Amino acid sequence: MSEAGPRAIPPPLPEVRARQACEEESRVAVDAPVRATAERRVPIAPEALARLAASMVPPPPPAWRRALARISRLWLLVAFVLVWELVSIFGQRINPQLDVMMPPPTAVFSAAADLMSRGVLFTHIFDSLYRVLLAVGAATVLGVPLGLAMGWSPRFRIAVDPLLEFIRPIPPLAWIPLSILWFGIGDVQIVYIIFLAAFFPIVLNSLAGARDVDPYLVRAGLSLGARPRELFLTVVLPAALPHIFTGMRVGLGIGWMALVAGELVAAPSGLGYLINNARTLFRSDYILLGMVLIGVLGLVLDYLMRQAARLAMPWHKGQ
Amino acid sequence: MQVDVTNVSKVHVSMKGEPLLALLDVNFQVEKNEFFSIVGPSGCGKTTLLNLLAGFEQPTRGELKVGGATITAPGWERAVVFQEYALFPWYTVVQNIRYGLRRKRVPESEQRRLVDHYVSLVGLGGFESRYPRELSGGMRQRVSIARALAVNPSILLMDEPFASLDIQTREYMQDELLKIWQQEPKTVIFVTHSIDEAIKLSDRIAIMAPRPGRVEEIKTVDFSRPRDPTNPAVVRLAAEVKLWLRQQVFGSKAAEEATLADQQIAR
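Order-wise, the sequence lines are chains A and B. All letters in the first sequence, in the order written, are residues 1 to 319 by the numbering used here. All letters in the second sequence, in the order written, are residues 1001 to 1267 by the numbering used here.
Hints listed in this document are in silico derivations from the structure and should not be mistaken for laboratory results. The structure presented is a predicted model; accordingly, all values stated were derived computationally and were not measured. Be aware that a few hints might be false.
Reference excerpt, derived from the structure (chain A facing chain B, CB under 10 Å, subset only) [what the hints assert, rightly or not]:
no., residue
1, 169
2, 217
3, 219
4, 221
5, 222
6, 232
7, 234
8, 316
For each residue, glycine too, the CB sits at the ideal point set by N, CA and C.
If we strip away everything but chain A, and leave its shape as in the complex, we get (with noise of 0.2 Å):
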């Protein structure tokens, strides 16, 4: 027991002890292990998370109603054409001579009958096609590996861009006269100027790709030990596909274009032909058929190579 004199020391207030208790206890703690604070929470496995957030939004509709939805966004298209077929039956109760001027579109099926029963139709779809495709084949061919080499290696590309710049200009149509002098009149000139339509594009759609390549990609295939020949084939090829598929699909619609109008210059079958063909027949409905394959045509060889595309680029996100 202390003596209680006038000079001893009085005993801690309260407030003293109460913090001299709590520096007590955090001297403890920091002794103490260290433990995560919060125990983890068990995980919602994915299946279930899945379930939880389809639960909380409304349900897609019914397949029906969406294929329904997909349809109507071609009202305009039909609106169009239904409006087209009205004027074209009223129109030739005022003006006889419309007929010829302006076909309705259900003449496009007449048409169509008609040559699919001289069997000529699929001649002509089939003589165009043969030659585009023909024609951007080589194309692609010679041009892939001419475009990258000359993205990969800037020497080879200053001695050969003077060259390829000097031609590029010239329009293919032009190159008809001198096609038909070398050529004849036939398959091989057409294929001519449609792969001269096709092929610049993808010559510099190749050369961007290579050129393009992320350096640092080239600097892992190098730090793996790559020689380079297998970083050509290895790193700058992969690397440079998708801009080699937007080459071949920019070539084969220009390509496509310029078979149209070498065809209807001169040409011994194809859609072409058969438009210019049916001109000198009055038949436009002959024309109009012609016309309606070629968009269609067009149009399915476009989404073929963006098939492809998407089928040669797995690793790719969408085009």
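Based on these hints, arrange chain B on the given structure of chain A.
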């Protein structure tokens, strides 16, 4: 001594044609299986130094040697892990890791064994057929590390490998890297901005300064791993280096304005 850098200087010519001294008289050695970090502010030349070690560039003066042989070109003996992963997007995880093995013409069965080993070493089991774009940042970096380790390089060069990751993943990856390195010892040259990261991981740290790029000092980190960030000696080392770097980057005034506590610790 495995890596020998002698009197290395590097001049870069800017697009305007002005010569820039990226590195001046850099000298250091790295021992076998040592974890050697290079820290410094932006523009101090640490990436240039790494490029020279990798063989992507050649020095203007001086020599860099590995195992006695001068470095002339990139190669699998000095595999690199990049900040932005540099994974080949057209290859899956497994195909990426196999890349160097195929370049080395390693037999198929051995390739499969090595790939399986490194996939599990970096903890990516179950993700073998994924493409890089389906992976998170941390996972991509793990593929990058596995790909570099698979070729069994003499030196592993790492250029700010965790800088693109969020802090949680970054700290986790640092621990993972240490685990991997302690399991399979290798000489590592590790470039980073972060002093704390360097102190946590390395045996020695080269501290670089800019204009011109040079190695100011090489500090030895003498503590046993795992390093305790609250250890006063560790704190002091970190504070010293940080203060010095702050002065380099922002000038003496900024260094003076550094918190009193930092300065007192450094003193």
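Checked against the structure, which of the hints given earlier come out wrong?
Hints 1, 6 are the ones this structure does not satisfy, whereas the remaining hints hold.
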